[in-house]
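> These are the residues of each chain, in order.
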Amino acid sequence: MSAPRTVYDASALPEVVYGSKSLAFWGTLGFMVVEGTTLAILASSYVFLWSNFDRWPPAGTSPPSLLVPTISMLFLLASNLPARQLAKAARAKDLRACKRWLVACTLCSAGWIVLRLLEFRSLNTRWDDNAYGSAVWALAFAHFTLLAVEMAETLLFTLVFLTGHAEEKHFPDIVDDVVYWVFVTVVWVPCWFLLFVLPRLI
Amino acid sequence: MKREAEVPRSALHADPAEDARDLRRLERTWSPERGLWGWLTSVDHKSIARRYVATALVSFVLAGINALVMRVQLARPESHVLGPDAYNQYFTTHGTAMMFLFAVPIMEAVGIYFVPLMVGTRNVAFPRLNALGYWTFLVATIFLWASFYANVGPDAGWTAYVPLSGPQFSPGKRVDTWAQMITFTEVSALIGAVEIITTAFKQRAPGMSLNRIPLFVWAEVVTAFMILFAMSTIATASMMLAMDRLIGTHFFNPAEGGDALLWQHLFWFFGHPEVYIIFIPATGMVSAMLPAFTRRPVFGYTAIVLSLIGTGFIGFGLWVHHMFATAVPWLGSSFFTASSVMIAVPSGIQVLCWIATVWDGRPRLATPMLFILGFLVLFVIGGLTGVMIASVPFDLQMHDTFFVVAHFHYVLIGGAVFPLFGAFYYWFPKVTGRMLGERLGKWNFWLFFAGMNVTFFPMHFLGLLGMPRRVYTYSPDLGWGPLNMTATVGAFVIALSVLVFFANVARSLARGAPAGDDPWGADSLEWATASPPPPYNFRYPPVVQGRAALWSRTPDAPVVTGLRTDKPEILMTTLLDAEPESRHVHPQPTIWPLVTAIGLSVLLLSLIYTPWGLIWGAAAVSIGLIGWGWPDHHRGARLEERG
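Sequence lines, in order, name chains A and B.
The first sequence begins at 1 in the numbering used here and counts up one residue at a time.
The second sequence begins at 1001 in the numbering used here and counts up one residue at a time.
Since the hints were made in silico from the structure, they are not lab data.
One or more hints might be untrue.
As the list claims (entries may be wrong) - Each computed PhoX-like pair below joins lysine-lysine, with the alpha-carbon atoms no more than 25 Å apart:
{"no.": "1", "chain 1": "A", "residue 1": "Lys93", "chain 2": "A", "residue 2": "Lys169"}
{"no.": "2", "chain 1": "A", "residue 1": "Lys99", "chain 2": "A", "residue 2": "Lys169"}
{"no.": "3", "chain 1": "A", "residue 1": "Lys21", "chain 2": "A", "residue 2": "Lys169"}
{"no.": "4", "chain 1": "A", "residue 1": "Lys93", "chain 2": "A", "residue 2": "Lys21"}
{"no.": "5", "chain 1": "A", "residue 1": "Lys21", "chain 2": "B", "residue 2": "Lys1567"}
{"no.": "6", "chain 1": "A", "residue 1": "Lys88", "chain 2": "A", "residue 2": "Lys169"}
{"no.": "7", "chain 1": "A", "residue 1": "Lys21", "chain 2": "A", "residue 2": "Lys88"}
{"no.": "8", "chain 1": "A", "residue 1": "Lys169", "chain 2": "B", "residue 2": "Lys1567"}
{"no.": "9", "chain 1": "B", "residue 1": "Lys1567", "chain 2": "A", "residue 2": "Lys93"}
If we strip away everything but chain A, and leave its shape as in the complex, we get (with noise of 0.2 Å):
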């Protein structure tokens, strides 16, 4: 074999890519089809169960108040206006703005917790009452430890950018993380659905 010929010169090619074409967008992709399977397997079960009660919920127990719970999946969605401007910033590269956003997004991420941890009392049920109670926290809970985990990624992005340690890699880093932040509030949505409105409709 005659020596090896370049038939491409890669050195043109920028380092920081954006959404599909950057390797953390397909981790993240990776990471949310293992967390949505986990919620859908949750609510899969809730459904399942539901089937050998006559009552849901059942005679006994209270149905969860729909105030605190509207107003949680309302927030988590309104949520989605700062991360958008926080995606925003890290595309145009504008550190300031992003510093800016970051903190918003943060202060937002803390309130999940607060309403979600509120949310809790409202569902008027402990997890050992009865199946009806398992199912019905084992879903709240699990969406709650993704808002949790969601919260400390954009803390870490926080504090690395308040204390000027941020490098250009971390734009699109932020652009996947929000990616990830659409992903956790929208897919609470038919989750609030089913432990909020369906057992009053039927």
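Please build the complex by placing chain B on the supplied structure of chain A, with the hints as guidance.
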């Protein structure tokens, strides 16, 4: 910060001194640190995959010893080698270890080693995550075996059916051991799946468009997608079981509206795809090896790829055939019978494509090829008995008998372990630089093939005679003694063949024939680099010119240059056509994945004893993740330093 012109980049040098300097810099950039610290912090996919394989083989041997002890117990009626309690732990740990600690991880590990080499890149997509996957897997392995030898091994079967595994019938911590071990291994499997998908999608060598991806890589990608859905399900289900046992939830407790069948649905929604998660990579290995031993490309590339994807989809649609003996509606049973028979179609297509390849090729009966031929025979037998028990009336007779034990060992040993052993012989030269001995290899094959049939074929008859599985002994007047004794003799023949294999490995590592880059004259990219491959895999990322990358390569071996040599840079390409798209700087070696795995261990192990483990464990994991996520800057990388 260096100016662009000062940045060292790979190039083709006419001057040998300059060329050597360039190569040294590349080696420095990609080589792990030396000593124990280097071992603990390594993020090289080859090093991590080797550890995975070694750890999985330890479980293979230990679980095999469990099997031998069980066979000694069953060789004669009313034996007293094991009591019923010990027997329960022996068969549960055997099944659990073989499935979760051997078969799935070793198939993924071979992918972690070879997918990057086969697609022509320098490492997997997320090397630190890959290290975390291995450390969690190692903890799971130590945890299960330590529990077993301390007499707290799981004892409710590898399927952990409720209510047997629930708090009422399994007090103590044995089932919790099982449930937490599952969570550990699934974390590891899910990480591996994300690695493999992303590496195959975004890091392929230029020219390796989707229709040129090696069949083994396709198989690993399909498997990885199945893992994403199946392993998430069992991890969720095992957490539900753990919660029923720890904090008094009632998912599976019928007294409070829970449902034992919910466990079976969740378990088998994972459990059946699990078989394909083990089998599909094995078919990929067969497709990877066949060209080298038949001297022609595999017949029906497109048909095989579509079969793999078809198997991936259909594999999720037949879990209920494990539950025909429960109160499943008849219409549902009929549907699942149909889908169970249907999955024979894509598998059949693959078998026909391989037979056509051998038929039209010039077969060379080296050891890997023997294992392929053995696989074809054994897998067809296992597949046929599978079609038989897909039928509800037959299944109701055979359910939970030794017929089923015979069936799934033919499928799993014949369909997966045989190709895996073939793959050991095929890829050992690439990994170690030395050939395995052919003479011992043939002994290994023939002993394994004979032992396998002597062990498991009689079990079909034992099942037909009504011998249930998972019984620790039987009465002499049932007449099962001679067939059981035969099966026990066969098990020792298999053990002998595995001993021969390890003797062959030891002999080759000491004084095996040097392999060279491409001892088999094979067609895929892993053979285009040295054996064993250097830390950077390829000096220059190759450019692929055809489906059989090496056989279609023109003599001037086109390559990509221009990647930095002072940073661990890799080339990223587009999803469909693998056009060069960007350069990506890979993470450096680090201790944080190990620290995170230790935190995760605190979380999962303490959850066996107290729900507060969630809080302590979350704190422990956070320490690891903060250290991991905090930037370790290259000089001049900080934005505010640069203004």
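> Next, verify each hint and record whether it holds.
Hints, verified against the model:
1. As the CA atoms of Lys93 of chain A and Lys169 of chain A are separated by approximately 10 Å, the hinted pair is consistent with the 25 Å bound.
2. Proximity of Lys99 of chain A to Lys169 of chain A is assessed by CA-CA distance (about 15 Å); at most 25 Å being required, the pair is judged to hold.
3. A hinted pair counts as satisfied when its Cα atoms are at most 25 Å apart, and Lys21 of chain A with Lys169 of chain A qualifies at roughly 13 Å.
4. With a C-alpha separation of about 17 Å, the suggested pair Lys93 of chain A and Lys21 of chain A falls inside the 25 Å cut-off, and the hint holds.
5. A threshold of 25 Å between alpha carbons decides the hint, and for Lys21 of chain A with Lys1567 of chain B the separation of about 20 Å falls inside it, so the pair holds.
6. For the hint linking Lys88 of chain A to Lys169 of chain A, the alpha-carbon distance of about 15 Å falls within 25 Å, and the restraint holds.
7. Taken as a hint, the Lys21 of chain A and Lys88 of chain A pair is honoured in the structure, with Cα atoms around 17 Å apart against an allowance of 25 Å.
8. The straight-line distance between the Cα atoms of Lys169 of chain A and Lys1567 of chain B is roughly 14 Å, inside the 25 Å bound, and the hint therefore holds.
9. Of the supplied pair hints, the one linking Lys1567 of chain B and Lys93 of chain A holds, its CA atoms being roughly 23 Å apart against a limit of 25 Å.
When each numbered hint is compared with the structure, no violation occurs for any of them.
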